[in-house]
Amino acid sequence: EAGVTQFPSHSVIEKGQTVTLRCDPISGHDNLYWYRRVMGKEIKFLLHFVKESKQDESGMPNNRFLAERTGGTYSTLKVQPAELEDSGVYFCASNNRGLGGNTIYFGEGSWLTVV
Amino acid sequence: SQKIEQNSEALNIQEGKTATLTCNYTNYSPAYLQWYRQDPGRGPVFLLLIRENEKEKRKERLKVTFDTTLKQSLFHITASQPADSATYLCALLLRSNTGKLIFGQGTTLQVKP
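Heads up: the protein sequence lines correspond to chains A and B, in order.
Here the first sequence is numbered in the numbering used here, starting from 1 and rising by one per residue.
Here the second sequence is numbered in the numbering used here, starting from 1 and rising by one per residue.
So that you can see chain A by itself, here it is in the shape it has in the complex (with noise of 0.2 angstroms):
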């Protein structure tokens, strides 16, 4: 079974540009989540979907950061424009409600450097 999988690993653009991020979660989680770690920083919750719904959103840091999941398959974080310090690594997650439901599983994270 394929993990939570996040692209692109890697990304490096310039202020004021736009960058997409996307998870692709563990099938059949109805659960995402998005979380991410700035430099000498530890790793923050950033919002939650419960399949299309959004569950909590009180860690997106500003309206320059929109998130989707339209279908309540995979996800998409845009950062439009993007600023210095959004620089770090952006990760995914992803579990089932019920049952279990408090194993949560990354993906291996989507690496933004902005400058």
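Certain hints may be false.
[As the list claims (entries may be wrong)] Stretch by stretch, here's where chain A covers chain B in the computed footprint (C-beta under 8 angstroms, at least three residues): (1) 23 to 30; (2) 44 to 58.
[Claimed, not checked] Straight line, CA to CA, 30 angstroms or less: simulated DSBU-like cross-link-like pairs of lysine-lysine: (3) K63(B) - K17(B); (4) K63(B) - K44(A); (5) K55(B) - K44(A); (6) K100(B) - K54(A).
Please keep in mind that the hints were generated in silico from the structure rather than gathered at the bench.
Quick reminder that beta carbons are idealized off the backbone N, C-alpha and C, glycines included.
We have chain A; now place chain B onto it with these hints.
Using the frame of chain A, we list chain B on its own:
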């Protein structure tokens, strides 16, 4: 203020010894505490979960304790191996089935042969 603290200094131990990592938290009441392993350039990998009403949990060479009075969890790796070298992350889950983890910064473990 709310915070989670893990030893920021790397832990260096000899192969075969027991590694003990500490996670302390303040002003949180977690329903669960989880430990993850993270290798360089990779995503966190779930290791163990312990509930607020559990004192200890074991899995193979791993043992986690949870003291909600002290607000502390200890993570032990017995008979450590060089392959155990990685960064270990402590994370709190405040409510069941929310997936909103609150992470510590992690402690890097280096096991020398």
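The hints, checked one at a time:
Judged by the Cβ-Cβ criterion of 8 angstroms, the stretch 23 to 30 of chain B is not covered by chain A as claimed, because only 0 of its residues qualify and three are needed. With a cut-off of 8 angstroms between beta carbons, the stretch 44 to 58 of chain B has 4 residues touching chain A; three or more are needed, and the interface restraint holds. For the hint pairing K63(B) with K17(B), the CA-to-CA distance comes to about 14 angstroms; that is within 30 angstroms, so the pair holds. Of the supplied pair hints, the one linking K63(B) and K44(A) holds, its CA atoms being roughly 25 angstroms apart against a limit of 30 angstroms.
A distance of roughly 27 angstroms separates the Cα atoms of K55(B) and K44(A); the hinted pair therefore holds under the 30 angstroms criterion. About 13 angstroms separates the Cα atoms of K100(B) and K54(A), which keeps this hinted pair within 30 angstroms; it holds.
This entry does not satisfy hint 1, going by the numbered hints stated previously; all others are met.
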